[in-house]
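Visitor: Those protein sequences? They're chains A and B, same order as listed.
Adding 795 to a residue's 1-based position in the first sequence gives its number in my numbering.
Adding 795 to a residue's 1-based position in the second sequence gives its number in my numbering.
One copy or two, either will do: identical chains are not told apart, so a pair holds if it fits within one copy or between any two.
Simulated crosslink set (DSS-like; lysine-lysine; CA at most 27 angstroms straight-line):
| id | residue 1 | residue 2 |
| --- | --- | --- |
| 1 | 1158 | 812 |
| 2 | 812 | 1142 |
| 3 | 884 | 1002 |
| 4 | 1154 | 812 |
| 5 | 1071 | 1158 |
| 6 | 812 | 1143 |
| 7 | 863 | 884 |
| 8 | 884 | 861 |
| 9 | 1125 | 907 |
| 10 | 943 | 914 |
| 11 | 1002 | 827 |
| 12 | 973 | 940 |
| 13 | 940 | 998 |
| 14 | 836 | 940 |
Treat the hints as calculated values from the structure; they're not laboratory data.
2 protein chains.
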Amino acid sequence: MEKYQSVSFANPSALYKEALVNKEAVRESREKIAEVLNCRKEEVVFTSGGTEGNNLALLGVFEAHKNKDFTPHFITTNVEHPSILEVFKEIERRGGEVTYLTVNEAGLISSKNVLASIKTNTVLVSVMYANNEIGSIEPIREIGKVIKDWRQKNQTELPYFHTDACQAVLYLTIDVLKLGVDLLTLDGIKIYGPKGVGLLCVKNNVKISPYLFGGGQEKGLRSGTENVPAIVGLAFAIEKADSLRDSETFRLTQIRDYGIESILKSFPNSTLNGEKENRLPNNINICFTRLDSEFAVISLDVLGISASYSSSCRTLKDDSSSYVVGNLGKRDCALSSLRFTLGRETKKADIESLVEALKQVIK
Amino acid sequence: MEKYQSVSFANPSALYKEALVNKEAVRESREKIAEVLNCRKEEVVFTSGGTEGNNLALLGVFEAHKNKDFTPHFITTNVEHPSILEVFKEIERRGGEVTYLTVNEAGLISSKNVLASIKTNTVLVSVMYANNEIGSIEPIREIGKVIKDWRQKNQTELPYFHTDACQAVLYLTIDVLKLGVDLLTLDGIKIYGPKGVGLLCVKNNVKISPYLFGGGQEKGLRSGTENVPAIVGLAFAIEKADSLRDSETFRLTQIRDYGIESILKSFPNSTLNGEKENRLPNNINICFTRLDSEFAVISLDVLGISASYSSSCRTLKDDSSSYVVGNLGKRDCALSSLRFTLGRETKKADIESLVEALKQVIK
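In isolation and in its complexed conformation, chain A is listed as follows (with noise of 0.2 angstroms):
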């Protein structure tokens, strides 16, 4: 990235040397990201990060077919994150139409739902690849199936099908062609990448109108000079993600488990949030009955552990509860539970050290 932020002023769209060598950079992070996603390079669209992705996987297809004598139907979740439940409340604003299924106990929704929920009229069927909160992860390629099965009997390019990929990229595959997704949203910042930059795949077929206007950058869809060392830093990310991917996931499983298993043990009066199984290996989630979660996060920073309660994005709002949790039929724990979320520093030693500061905190 150093290497690109230096060669610093040239515009990748100009024509000198320095914008093609900024262009080449370009080129090249787009053609290794899209070997990870197993699409052409060209459905490769570079963006500010996750929030714009989802923006423009969303509003870019409500705008593209709208219309006086069509009322765009959309299909998601009731455990989305934020940056997609906002946007389907502006869709509906601007006179849009959309089914929110509910999730189970494991906060999992059935693809037979999926199916019973399509309309003719019916352009995108939005579901996120793993929680953020609890970690659980969706059906995604038998949601995948089940829509081109309809498409296919129904002759029909529609509905569309779009995955907020951000939480899974590190533990799941994210081959497009596997999943049967037309779009995929992607985060740096959630994979150990650089901030500000993120990318949704687009793929060729799908009919999507942009939502920032400029220079025409990004195929059109996404003007504005392109963050050459943050494109060049998502690429690497991205590669070692993927080269990583087996190793971590396996390692990760092992520490989330040992970790789930030693908070139920110690405090009787705990549940895991969600299920083990179709469960990412970085995510324990955890319902301490009455325990008033906002201070137990701070209470726990003070001896060195970082926990969340409810998604970090609705902890602006003054409703400081998770709605993921309430909607898991547990309502009783969205003010009352702790996450905790590993990576490629966890080890096990540190499971204990949480499990002895949680000791402190809950009586």
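Dock chain B against chain A, hints included.
Guide: Frame of chain A; chain B shown alone:
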């Protein structure tokens, strides 16, 4: 910036200690910038760059005001950057109305023409502070005064006044009170700052809708995890631009004028695009009769000189002519002009190398 790049993955909206360090850095950066802009700190909205700032300003004001019984009207110029002109095309597609004021030979509009164009449904006037191609400095304070008078006379808050100041901030004041603007766009990349970050100053009185939906960051106007290292870098770049402004303006004006004189003297068939007065100190833009500017840019590059024809953001399109130069009433020059941008590294001796190189390319 490095410090905050390595406080890596703490979401500044979260609660734990690393997150609070990030939050504090964003708060401090916002305060520093507000001081230079002479605005309130909550009026600084961080964006991913200039294109996004311009999109938010125009589409945000449009969406906040349009309704079934009201068609918002906008006033702008025909030499704006594509990230303004393309957004206005989209606003027209969505049912808005836009007046494009023409510039005189020097690239300037008059405040009188702005006043004459204001209608009862005018919601926003958007005029660039300084042109990216020919460096012409528009009479922003005069326009600001004219708009303020109109609002007072008509007892209304509208129209708002927006300026795209991306090109101006290194050499001209960006005190929004002195300028009389309600919205002002800045971009990190144009001021020796980081890529992928910028800001829109939005005065508290402005009624504006978000265009990115999600976690509700930046007063809900720009959702998405804050890019902390980039924001810290942007604040540093703006402070540095502010402290170097007077000395760099003085130094570069002399080099620029020496350059313009040297070129005009060496090439009898050349003319200056725009005028010497009301021109950015870093901009030289010359029309060489019947020159193929695309070919000249490539030839100069071989000799170590980075030049541009038209705007970089336009070279993505098939049309390689400059609409800005064309709109000065110099149609023949649209395909025969070269632009040279001076900067902190530029010395007087560079002008001599430039003239030598030009002599080799233009026979």
